[in-house]
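Please take these sequences and the hints and turn them into a complete structure.
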Amino acid sequence: MLYTPPIARLVEELSKLPGVGQKTAQRLAFHLLKVPAAEAHSLAEAIVEARDRVTFCVRCFNFAQGELCEYCMDSRRDPTLVCVVERPQDIVALERTGEFRGLYHVLGGAISPIDGIGPEELRIRELLERVRTEGIREVIVATNPRVEGEATGLYLANLLKPLDIKVTRIASGLPVGGDLEYADEVTLGRALKGRLDL
Amino acid sequence: MIIAGNGRGKTNLLEALFLLIEGKSMKGAEGKEMIREGRDVAVVSGTIDVGREVLLRLAIEEEGAIKGKRRLERVGAVCFQPDDIWMVKGGPEVRRKYLDEVVMAIKRGYKETLKEYGRVLRQRNEAIKAVRKGLRGREYIRSWNPLLIDTGREVMAERREVMNKMKKGMASTGREWGMPELDIKYYSTMGDDDDGQEKIIKKMERLEDAEIRRGSSLTGPHRDEILFFLGEKNVRRQRSQGEQKLTTILWRITQARLLEGECGKEVLPLMDDCLSELDAENRRAVLGELRGWKQAIVTSTDDLPELEGTNRVWLEFEAETAVNGGQPA
Ligand SMILES: [Zn+2]
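Each protein sequence line maps, in turn, to chains D and C. Going by the numbering used here, the letters in the first sequence line up with residues 1 to 198, in that order. Going by the numbering used here, the letters in the second sequence line up with residues 1001 to 1329, in that order.
The set of hints was computed from the structure by calculation and includes no laboratory data. All figures in this text were calculated on a predicted structure; none of them were measured in a lab. Backbone N, C-alpha and C fix where the C-beta goes; we use that ideal spot for every residue, glycine too. One or more hints might be untrue.
Covered stretches of chain C, going by a simulated chain D footprint (3 or more residues, C-beta under 8 Å) [stated by the list, open to error]:
no., stretch
1, 1109–1121
2, 1126–1135
3, 1143–1153
Within a straight-line C-alpha distance of at most 30 Å, the following computed DSS-like cross-link-like pairs (lysine-lysine) qualify [unchecked claim]:
no., chain 1, residue 1, chain 2, residue 2
4, C, Lys-1027, C, Lys-1115
5, D, Lys-23, C, Lys-1032
6, C, Lys-1199, D, Lys-161
7, C, Lys-1067, D, Lys-23
Now the in silico label distances, taken between C-beta atoms and shown as ranges [to be verified]:
no., chain 1, residue 1, chain 2, residue 2, range
8, D, Glu-45, C, Glu-1073, 53 to 61 Å
9, D, Leu-43, C, Leu-1055, 46 to 54 Å
10, C, Gly-1038, D, Ala-8, 33 to 41 Å
11, C, Glu-1093, D, Gly-21, 36 to 44 Å
12, D, Gln-89, C, Arg-1213, 36 to 44 Å
13, D, Gly-21, C, Arg-1213, 41 to 49 Å
14, C, Lys-1185, D, Thr-80, 48 to 56 Å
Okay, structure coming up:
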């Protein structure tokens, strides 16, 4: 079916989103054309605002609204304890457990030669720098329970141990091959408490 | 006993039975390949007696999806095909595939274990290729070593356990059949079971140069060998075609029995052309064994004297009307 150019463009843009196929994109486009104009404008503005205002925290690379993210700015949190995650979404999952009162470090992914991602592509150099300068006592590796997450954890352990700090890995019990993002709070909280030396 | 000349659809009949019971092709064929050329769908139906009669019916649709699959918890099928001879005659990858099939059938979670190992292996191989191209340092490969060892050992442990069960079963039936003493040996490229991680890592680092030249990992269960011996002689190289065939029949029958013992299933052996190339004595041994089963379906191209007393069915329809799928018998 051929759409008038503005609709075709909307469908094309929507179909680029993860998990959205051609059919879903069409459905969403027609939905947006049907709802009150204010509602569609509000969505468009939210996208622009999020893109323009949200930046990365210069310290931990979490999403932020200025130089530092909300956790790095919170003086009640323990700066000697750093939890390493793959993506900012994982922080949200860990915060839901209410078990962790330290700071975070977002790597930006995990080591995966298949995708051409090695340590150089991750924010590992930045983590080392933090360990050297921030007086960190323990690094908790909370990468996803997949082989790539495990390999990243082992790599970090080899790198950090000579620096004379404690390196731990959140306990297993998490569904293997899953994402932290989708683990329930209880399981994730337990995994955090039962962390083991790497 | 199903007796019919070549091209009469014997194999197709067994394929249909296997498909109905196991919900997949015994030849490992895709759904699409099982539909007759020029047709859109294939339909298989039959009645099975599991204390009560159950009607099974499934259809393979145009896109190859198998609809109406019904897993009968307590019923299974194991098939012997003439191609199984490659299990002893072929390379190690064939033997690993046959063993993995049995492990998967009786060990819950083995499929996942194997998948995880496969993922680690693929990652490590990609790392090796990146090092070969000069894009990364050797550390890039080494960070995968502990994981390759951990997941590889899980694979090996499951394989060894099931292989020992197969060995025990095969050896004892082999003795009844008057075969020389049977043995199966597993040769691990990673080293012995009691080798510590340190030792294996050292071995892997010694092989690193060769791995970079080859562009792939040289140690791990993906390179392990499994060998069959009859009276200390390697079945692959030192035994006759008849003995090789007998060994593979023995494997399939032991597989069926293991499935019964371990999974509490009633298994139907489907034996396609298992009697040819065997001498009269071995034919009698195999048939004697199959007579001990509640039911077994055997095909043969000839009406042999040993078949006297079995329930014989002659397929006399033309190949045209035969159940279609895969290769004609
Ligand atoms: Zn931060």
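Each hint, compared with the structure:
{"no.": "1", "hint": "1109–1121", "verdict": "holds (count 4)"}
{"no.": "2", "hint": "1126–1135", "verdict": "holds (count 4)"}
{"no.": "3", "hint": "1143–1153", "verdict": "holds (count 5)"}
{"no.": "4", "hint": "C:Lys-1027 <-> C:Lys-1115", "verdict": "holds, 22 Å"}
{"no.": "5", "hint": "D:Lys-23 <-> C:Lys-1032", "verdict": "holds, 26 Å"}
{"no.": "6", "hint": "C:Lys-1199 <-> D:Lys-161", "verdict": "holds, 22 Å"}
{"no.": "7", "hint": "C:Lys-1067 <-> D:Lys-23", "verdict": "holds, 24 Å"}
{"no.": "8", "hint": "D:Glu-45 <-> C:Glu-1073: 53 to 61 Å", "verdict": "holds, 56 Å"}
{"no.": "9", "hint": "D:Leu-43 <-> C:Leu-1055: 46 to 54 Å", "verdict": "holds, 53 Å"}
{"no.": "10", "hint": "C:Gly-1038 <-> D:Ala-8: 33 to 41 Å", "verdict": "holds, 39 Å"}
{"no.": "11", "hint": "C:Glu-1093 <-> D:Gly-21: 36 to 44 Å", "verdict": "holds, 37 Å"}
{"no.": "12", "hint": "D:Gln-89 <-> C:Arg-1213: 36 to 44 Å", "verdict": "holds, 41 Å"}
{"no.": "13", "hint": "D:Gly-21 <-> C:Arg-1213: 41 to 49 Å", "verdict": "holds, 44 Å"}
{"no.": "14", "hint": "C:Lys-1185 <-> D:Thr-80: 48 to 56 Å", "verdict": "holds, 54 Å"}
Of the hints listed earlier, there is not a single one the structure fails to meet.
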